[in-house]
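Number of protein chains: 4
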Amino acid sequence: MIIVMGREVTDEQLGTVVNKLEAAGLTANISRGIERTVIGAIGDERKLTPEMFTPLPGVESAMHIAKQYKIVSRESHRENTIVDIGGIPVGGKQIQIIAGPCSVETQEQMDLSAKFVHEAGCRLMRGGAFKPRTSPYTFQGKGKEGLDIFRNAAAKYKLPIVTELMDARQLDTFLEYDVDVIQIGTRNMQNFDLLKEVGKINKPVILKRGMSATISEWLMAAEYIAAGGNHNIIFCERGIRTFETYYRNVLDVTAIPVLKKETHLPVIVDPSHAGGKAWMVPALSQAAIAAGADGLLVEMHPTPCEAWCDADQALTPDELKALMGTLGGIANAIGRSL
Amino acid sequence: MIIVMGREVTDEQLGTVVNKLEAAGLTANISRGIERTVIGAIGDERKLTPEMFTPLPGVESAMHIAKQYKIVSRESHRENTIVDIGGIPVGGKQIQIIAGPCSVETQEQMDLSAKFVHEAGCRLMRGGAFKPRTSPYTFQGKGKEGLDIFRNAAAKYKLPIVTELMDARQLDTFLEYDVDVIQIGTRNMQNFDLLKEVGKINKPVILKRGMSATISEWLMAAEYIAAGGNHNIIFCERGIRTFETYYRNVLDVTAIPVLKKETHLPVIVDPSHAGGKAWMVPALSQAAIAAGADGLLVEMHPTPCEAWCDADQALTPDELKALMGTLGGIANAIGRSL
Amino acid sequence: MIIVMGREVTDEQLGTVVNKLEAAGLTANISRGIERTVIGAIGDERKLTPEMFTPLPGVESAMHIAKQYKIVSRESHRENTIVDIGGIPVGGKQIQIIAGPCSVETQEQMDLSAKFVHEAGCRLMRGGAFKPRTSPYTFQGKGKEGLDIFRNAAAKYKLPIVTELMDARQLDTFLEYDVDVIQIGTRNMQNFDLLKEVGKINKPVILKRGMSATISEWLMAAEYIAAGGNHNIIFCERGIRTFETYYRNVLDVTAIPVLKKETHLPVIVDPSHAGGKAWMVPALSQAAIAAGADGLLVEMHPTPCEAWCDADQALTPDELKALMGTLGGIANAIGRSL
Amino acid sequence: MIIVMGREVTDEQLGTVVNKLEAAGLTANISRGIERTVIGAIGDERKLTPEMFTPLPGVESAMHIAKQYKIVSRESHRENTIVDIGGIPVGGKQIQIIAGPCSVETQEQMDLSAKFVHEAGCRLMRGGAFKPRTSPYTFQGKGKEGLDIFRNAAAKYKLPIVTELMDARQLDTFLEYDVDVIQIGTRNMQNFDLLKEVGKINKPVILKRGMSATISEWLMAAEYIAAGGNHNIIFCERGIRTFETYYRNVLDVTAIPVLKKETHLPVIVDPSHAGGKAWMVPALSQAAIAAGADGLLVEMHPTPCEAWCDADQALTPDELKALMGTLGGIANAIGRSL
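Here the protein sequences come in this chain order: H, D, A and W.
The first sequence begins at 0 in numbering that gives the first Met the number 0 and counts up by one.
The second sequence begins at 0 in numbering that gives the first Met the number 0 and counts up by one.
The third sequence begins at 0 in numbering that gives the first Met the number 0 and counts up by one.
The fourth sequence begins at 0 in numbering that gives the first Met the number 0 and counts up by one.
Not one of these hints is a red herring.
For identical chains, the list gives no copy identity; a pair is met inside one copy or between any two copies.
Derived DMTMM-like pairs: lysine to aspartate or glutamate, alpha-carbon spacing no greater than 25 Å straight-line:
hint : residue 1 : residue 2
1    : K202      : D192
2    : K46       : E305
3    : K19       : E34
4    : K143      : D192
5    : K66       : E34
6    : K19       : E305
7    : K92       : E118
Just so you know, the hints here were simulated from the structure itself, not pulled from any lab data.
If we strip away everything but chain H, and leave its shape as in the complex, we get (with noise of 0.2 Å):
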């Protein structure tokens, strides 16, 4: 950590950060320069809070200069990370697409679902059985009868499932039903309660970025579910809330090398929420797989007019097909695989 102090600093202000830096069991340096003092801590700044610092008489500002993060950091572990989700491993040269409606609705519609997420070649499939929605009107999620139907309808194909988990209270019925992949939406990247719960099971945890969260936020979120000891986490990029009217969010593209740098775990995107209109996502898809992401999360309907929730965001499964095709070539490009 660095304090930097003011001005006129005085010889007792000094030494008042010092003691607290003593305490704290560091050590302190002190460089004297024209127009500031900065005080250099040696030793393990993860004890200290620039708060503990910034309140002293004579202090201008305290910042960390060590990352926040441990376990997940690439500091501590330099080799990328493969998550493996019943077999198919997310992290590794092969790229991979998980598919699916926006929510479970029917037995026929996830049935068909499952079909053309199979046909199009994808490995995983997605689809939501609790919904977080905006208004209290609208649909909120089929619930547990949900992942009962989903359950049904991905075991035909042998696909692993992906749903979002809102509460603590709801993850028995996820373990009850054997869900592959547990999913914690945006609105909960920094429901700490929850994150401290999936760290104690040894499920794969897809950890969306919360809509404003920042870069060092989302670490830490994860690195509060891997310190309970659940290391098997997937960073999911759906877009940033901007000014920009024109489209729901901002797709963060900058994200996926900057978190390939950070971390050792898998990055993966959701085109759908990002752009939140179905003739965005093929182009949003192909950006984030030529920047290095490892995978994406995208909706896909049979019909999606007829869709419960976000219809216009949903691709229709010839779209799908026809966007693998694209970006087999894009990860060729790159020397990876689909």
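Got chain H; can you put chains D, A and W on it based on the hints?
Here is chains D, A and W on its own, set in the frame of chain H:
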């Protein structure tokens, strides 16, 4: 709802939209312009979502024109609602300043805090027992023990207490300690399961704005609580996330007159989390009251430099007292009292 | 234009709106719903602004439904426009990579740069002679001398040159040196007087997106140029400003398919200013091309560490060459060529 | 400047950084920690940019610790600067409300406006002759004729006039009409050539904040003006761009105490452009004054509904008068006067 059809719309495309509207029990008014054709939906549009129409051929856009929130809207209830907290009114002519430390640390710290809160002339007290922290490696709050300490300290001065609920599983404990006001934090504004739970009880709820929540999403989050039957809701603006890095958040004062127009419920402001620095708190507090806020949620600590969390944003007891004086003058200038 | 009238609208209020519409030469369609009454304006709504109606009694909101931009819109011109730069087409099947240093430093540096740009297979060259710098105390560009150096260096390889115009008073100098493409920088996207000036000449213009400009404002800025008669406009996405602090800007890839839908003009991307770090440039470049961009504006410097400005974002000549190889593969995968 | 070196830094890498620092005339202090090594630069760091170091091998990050602005900083000038505008002080104990219409329309409209401005007790008048409009197809201002009309109208009440300069080529006309205060609009905050020009004259300048400019960029923009010799600069906060769509901009009240800490120059607020609606103006004005602003730039129109631009944000003469009353009370409450 308004549905805008593109330039070269066909009769068949218009027919599909009209049929979908009629199937939902509404009727259609068609207005043919030169560049666009507009369909107005007549009936209860809360049954509709724009996504039901935007994927249909020929549709360019669809938007709600009625408000999606009902119970919390001023349209449904013209008069200001006054929330009663153990006899203290929030939302009336009198302004309430809720003060106290960021987190419960020790009995002594809380006893002192209660004394200073009372002496400054504040009628309610705040303090956190369960703390949402960005890092899993920092202090997470005293938990249940903290509630006990807080209750004891506040009792001597008959100060109703405000504290944050982070997980539905803690609700029984909150009821057991008879917490007077349950605070839903910024990270949980769209934790819909938690909102549903506090909607079922009859305790006042302070609903903090999500870090990047729009006014409309915030009102809808309150509607989740209200739809469960609990109408004792107080909105709390606490700064929003922007591009600016000098301060932690940008206090959105415009939200105050806007909420006052849109809802009958009280609106308070947290100037401490907004700016993130104690020296900004007086200016922000004054701005909030001048803009029409019904109260403040402000951090005060007996010895800020020793606070276990957010040490740089707490006022000292003397600073709080001085601020109360200035706020009283501003309250008078706008026809209210402190 | 749609004008939404509040719940308890009176006939007199409706009449005022209708009169104002008719005075502007349009007619009104009135649709009475249960909660709102909607007035649709029939006629050329570009004569209207929402502000003409929102202050009138009873009006709740007013919004355009037709696009405000005409000449640059795809509605007005269905086919892709190909901008010709000295025989090099931008906006067709072939993708153009415009490379070169951030700023013109010396003749030797520019001669070397031109050589490397040419050897990498790029057909156009960039370089700044007039530099917009945040601080008045840093290098402000070589000015007119820089144009001379740039012209000489590019001539040997017959590379058309792209450089930034910051002030209308420099335009004659730009024409004197026969600058092939005039770049309007992000800080000048809404410098309307400057836009009007470049609208009067017949040189291709690269219009960078403002740091926080919406798609709609950007299209309107282009319309300023087009309205003057110059239709040779190339849009350049260069990252937008958000809350994220890890990288300088967030490259908005979604803008690519959206602009391709809204306008017939070419769209390129500046991956160097978007990320702000050379190591991010390959991933961002690949994403941009995969998402459908017509080209890139990328920084390359013979010896990046010695660059006089933005040293940390320039590729080395070897990195540029390697990137060109990967981009060629991606171009093929989406049916284009490099 | 602080330069942070990565975990496995070598002596050679340290040497390269130290050499570069010494070549620029500074010296280095090296602090070796457990996870990072930090180099502190001792000397005048304004000669350095972080980009000079970040591309060097082993460097993880580099950051300024001294302020980049000098003349405008409070460090360089402890006392508040009072800008004198024809005898009216801005920045002292007395608060100034600058009122008038968005744009100059007719002599009659301006004569009436001047009368109402004077009667409300305001001492300065605003009005736009050259208007920056998003669309090239809307009213662009009366130009030079507008200055003439404005001068005539204001003369009768001896009101100094404030009007916007959009292009350096109009500066002579502004001087010819003896415009008392030159306003630099939000879109031109980083039009560096324009800033340099107004830096050469001795007229007071109101520098509006760019739509998404950071405090630091804004101060640097002022430094451009100050570096030319003109120190009569008034900062004007006018709302920033965020994700919120209910209002045009978010008035950033926090900027007021922050600027007061960072600079000795006056700070005023434009509540009209911030909110974009007349009904929000009183609350925002009150907040601004309560937070410590030295004045306001507020829109008033004799008949708002007939205004040629921004009709929905102008106060009526009566509303202005009422607002002045409330502001007077708030000024007193904080020890100032109106």
